[in-house]
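**Q** Now for the letters of each chain:
2 protein chains.
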Amino acid sequence: MHFSSRLLEQAVEEFGRLPGIGKKTALRLVLHLLKQPNSDVSRFTHSIDQLKEQIRYCKTCFNISDHDVCEICAAVKRDHAMVCVVEDTRDVMAIENTNQYQGVYHVLGGLISPMDGVGPSDLKIDALIERLKKDDVREVILALSATMEGDTTIFYLYRKLKDFNVQISTIARGIAFGGELEYVDEVTLGRSIATRVPYERNIG
Amino acid sequence: MHFSSRLLEQAVEEFGRLPGIGKKTALRLVLHLLKQPNSDVSRFTHSIDQLKEQIRYCKTCFNISDHDVCEICAAVKRDHAMVCVVEDTRDVMAIENTNQYQGVYHVLGGLISPMDGVGPSDLKIDALIERLKKDDVREVILALSATMEGDTTIFYLYRKLKDFNVQISTIARGIAFGGELEYVDEVTLGRSIATRVPYERNIG
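Chains A and B are the protein sequences, given in the same order.
Following full-length UniProt numbering, the numbering of the first sequence begins with 1 at its first residue and continues without gaps.
Following full-length UniProt numbering, the numbering of the second sequence begins with 1 at its first residue and continues without gaps.
Here chain A stands alone, though its shape is the one from the complex:
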C-alpha cells in the first residue's frame, strides 16, 4: 500500500496486528475513527489504556475483575464447594449466561498446548491444587472445550486431582467434537452442565 501519511500508516499497522484484522479492514477502521469526533476517539483509546493499566485478576479464581476478589467469589449465596474450571473469562461469561450454574469458578488462563508452547506451569493449575488443599471443595467440574487441547488439559488435571477427596466431573459432551466452548448455544451449554458426568464414566 502507498500511504499518503506516516501517521496513517502507523495506525493501520497497529490495527492490522490484531487477530483476524487484515490490512484493508485495518485501514477501514482507522478511516472510520478519523471521521469520528475527537471525544469519541479519545474515549475509545482511553478505555483500552485504562483497562490495561487497572485490570486485576481475582486472587481466588483468577477471573478478570475490578477488585481483588471478583463478584462471583464474593457472593455468599453461591455454592463455594463447587468449582468450575474454565479456560478463560469468556467461558465464565458463557456459563453465567445459561443461568444453570450456582457454584464458583477457576480460570486457568489457557489450555495445555505443546504446539503453542503452553505447558501446565503457564496455567493456574498449582493455584487450583492449593485451593483444593485449603478450601472445602466438594466437586470440581472441568468445563473445557472439546478440542485436543481441552482433552489434554482435562487428562492432566484428572491425574493431579484424583487423589483429593472431591468429585471430578466433566460437562456432558453434547458439544460437537472440535467445538469451541464460547460459541456453543446457551441451551446446549446449560444442559451439558446440568447433565455433567463423573470423569470415570466418560473414559470408561
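Derived from the structure by calculation, the hints contain no laboratory data.
Values in this document were obtained by computation on a predicted structure and should not be read as measured data.
For each residue, glycine too, the CB sits at the ideal point set by N, CA and C.
Careful, some of the hints might be misleading.
What the hints assert, rightly or not - Dumping the calculated BS3-like pairs for lysine-lysine here, alpha-carbon to alpha-carbon at most 27 Å: (1) K124(B) / K24(A); (2) K24(A) / K134(B); (3) K133(B) / K162(B); (4) K59(B) / K35(A).
Stated by the list, open to error - Simulated coverage check for chain A against chain B, where a stretch passes if three residues somewhere in it have a Cβ under 8 Å from a Cβ of chain B: (5) 14–28; (6) 91–100.
Using the hints, position chain B against chain A.
**A** Below, chain B alone, put in the same frame as chain A:
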C-alpha cells in the same frame, strides 16, 4: 453478556462501535490486547491518538497528509494539469498501486448520497471548482465507484464542470456494476484508467 469487570465491559463496548465489529469479536480483540505487553498496547492506542491529533489534509487535493501539501501535489514530475477526482484516500492508494497514473488527485471526502444526508456542500466540490479557475487543468478524470452514489456524483460534477475548458473523463466501466472502487483488482483498475472515455461518449 455478564461482564466480570466494568473496565472490560467499557473497552468491549468501545470496540463494538467500530463498523463490522460485533460484541464477540470486540471481546476477542480486547482479551487479545490484555495478553499483550504494556508497551505494545500503549503503542497501539498512542498511534490512534497521535493520528487523530496531528492528522492534516493537503490544502490542494484534501488527501490525508502529514504536511500542508501532500507528497503527490508537491511532486514536480507529476502532471498537475490532470486531476483525478476520487471519493477518499483509499481510492488514491488503490490508483497509486496500479502505477498507471502520473497526474494529481482531488479527494471529495465522500459521494453525494441523499439517503445518508450527504449533499454536494458536504464534499470538496467548491474547492475543485476553485482549483479549475485558478490552476491550469487540462483534464478532470472522475474516478468514482460504479454505484448509485458514484453515478449521482459524476452527473452532478459533470454539470458543474462542463462549462470549464477541460476534458472531463470517467474511468472505463470495466468495473462490474455495484463494484466498490477500492476492491477492484489492480489490472482492471489500471486498464480502466488507461482506457478512460470522454463523459459524453459514456452517456451517449
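**Q** Taking the hints in turn, state whether each one holds.
**A** Verification of the hints:
Taking the CA atoms of K124(B) and K24(A), the gap is about 25 Å. The hint holds against a cut of 27 Å. Proximity of K24(A) to K134(B) is assessed by CA-CA distance (about 36 Å); at most 27 Å being required, the pair is judged violated. A C-alpha spacing of about 13 Å is found between K133(B) and K162(B), which places the hinted pair at or below 27 Å, so the restraint holds. Of the pairs offered as hints, the one joining K59(B) and K35(A) holds, with about 18 Å between alpha carbons and a cut-off of 27 Å not exceeded.
Counting residues of the region 14–28 of chain A whose beta-carbon sits less than 8 Å from any beta-carbon of chain B gives 11, enough to reach three: the coverage restraint holds. Note: the region 91–100 of chain A has 4 residues with beta-carbon separation from chain B under 8 Å; the three-residue rule is met and the coverage holds.
Consistency note: the structure conflicts with earlier hint 2 alone.
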